Amino acid sequence: ANFANSFVITNDLARKITGANFSKIQKLQKKINKKGKAKSMVVPANIAFNQKKKIFQLQGKNVIGVIEGTDDKLKNEYVFLTAHYDHIGEKNGNVYNGADDNGSGTSALLEIAQAFSEAKKNGWGPKRSVVVMLVSGEEKGLLGSKYYVENPLFPLENTIVDINVDMIGRVDEKHQGNPDYIYIIGADRLSSELHEINEEANQRFTQLELDYTYNAESDPNRYYYRSDHYNFAKKGIPAIFYFNGTHADYHRASDTIEKIEFETLHKRTNLIFYTAWELANRPERIVVDKK
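To convert, take the position in the sequence shown, counting from 1, and add 1484; that gives this note's numbering.
These are calculated hints, taken from the structure and not from any lab test.
Values in this document were obtained by computation on a predicted structure and should not be read as measured data.
You may find that some hints are simply not true.
[To be verified] Cut-off 25 Å, straight-line C-alpha distance, at most; resulting in silico cross-link-like pairs (DMTMM-like, lysine to aspartate or glutamate):
hint, residue 1, residue 2
1, K1775, D1656
2, K1719, E1602
3, K1604, E1762
4, K1605, E1552
5, K1718, E1701
6, K1719, E1677
7, K1658, D1773
8, K1538, E1552
9, K1658, E1762
10, K1545, E1677
11, K1658, D1703
12, K1515, D1703
13, K1774, D1703
14, K1611, D1496
15, K1658, E1634
16, K1719, E1680
17, K1624, E1680
18, K1519, E1701
19, K1743, D1555
20, K1557, E1677
21, K1611, D1672
22, K1774, E1683
23, K1775, E1677
24, K1604, D1555
[To be verified] Pair ranges (Cβ atoms, derived):
hint, residue 1, residue 2, range
25, Q1598, K1514, 31 to 41 Å
26, D1496, E1762, 39 to 49 Å
27, K1536, E1684, 38 to 48 Å
28, E1762, K1514, 24 to 34 Å
29, I1531, E1762, 28 to 38 Å
30, V1547, S1702, 14 to 24 Å
Just so it is clear, CB atoms sit at the ideal spot from N, CA and C, and this is done for glycine as well.
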């Protein structure tokens, strides 16, 4: 896609562009800050600018592992687990390691994949097939998951759920001192059963605080639309998104491994595994009962 670059201008340039209206804009900004409600005004201006764009292409790859189901009837239904392994890269000489975003999610999925694989070796393999997909291009617009749903390796009509994990290794400001929580997003949007399965798994095994703040349709952060599960949901596939919230190191070079809270990461990974296990082994696939 050929989008225009975004850029930031100074107050002095804004004053030159808007002229006599600049003071009105400043007053409007003060009202917005005071009341916390959006306001706008139209400012006529003639603006011309030139932008130089440097375009280069990179090839991203999704990485997929499959634990084939053991039930002859159910192995052709698929439980997907997704996490993006890309991050921002290097900028101005700084390496953006992305330990939480999304090293935590990819690590959790590797552990879950190993658990399913070990279970199968020991004669307890999942009845449905479990697909673990580490996707690329999330930071550039959910590109890897978009590519997959447009070019699926397994029939989308037989893909019963997507379990998406994007940042589960840290504690946000709201939960300082109480790390045993996780934000749950999207579980009830298409299937009330998916919501109930996750709730029951938590009650039985992990007893975390399940925080639904970001699941609200009115939430201004719109996280439901901002991670890879959304491309599955757009195809009518129920999806659940596990998320620890943002922190001061979000999308900064300071998102490093020594700040990961591994015990908390472990507890959250357990919940995701137990939810996936139930979805992979229950007799009936979850029902899509919402638009």
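Item to check | I1531 versus E1762 beta-carbon gap, inside 28 to 38 Å or not | outcome: violated, 57 Å
Next on the checklist: Hinted pair, alpha-carbon criterion (25 Å max): K1718, E1701. Please report holds or violated.
Outcome noted: Holds, at roughly 16 Å.
Checklist entry - Taking 25 Å as the top limit, are the C-alpha atoms of K1775 and D1656 close enough? => result Violated, at about 32 Å.
Item to check | Restraint check for K1743 with D1555, where alpha carbons must lie at most 25 Å apart | outcome: Roughly 42 Å between the alpha carbons, so the hint for K1743 and D1555 is violated.
Next on the checklist: Please verify whether K1719 and E1680 have alpha carbons no more than 25 Å apart.
Outcome noted: holds, 21 Å
Next on the checklist: Hinted pair, alpha-carbon criterion (25 Å max): K1774, E1683. Please report holds or violated.
Outcome noted: Holds, because 18 Å separates the two Cα atoms, which is no more than 25 Å.
Checklist entry - Are K1605 and E1552 close enough, with their CA atoms no more than 25 Å apart? => result Roughly 12 Å separates the two Cα atoms, so the pair holds.
Checklist entry - Does the structure keep K1538 and E1552 at a Cα separation of 25 Å or less? => result violated, 44 Å
Item to check | Restraint status (C-alpha distance of K1604 to D1555 at most 25 Å) | outcome: holds, 12 Å
Item to check | K1557 paired with E1677 [C-alpha distance capped at 25 Å] | outcome: It holds: about 21 Å lies between the C-alpha atoms, which stays within 25 Å.
Checklist entry - Given the hinted pair K1719 and E1602, is their alpha-carbon gap at most 25 Å? => result violated, 32 Å
Checklist entry - Is the Cα-Cα distance between K1624 and E1680 25 Å or less? => result violated, 33 Å
Of the numbered hints listed earlier, those contradicted by the structure are 1, 2, 7, 8, 9, 10, 14, 15, 17, 19, 25, 26, 27, 28, 29, 30.
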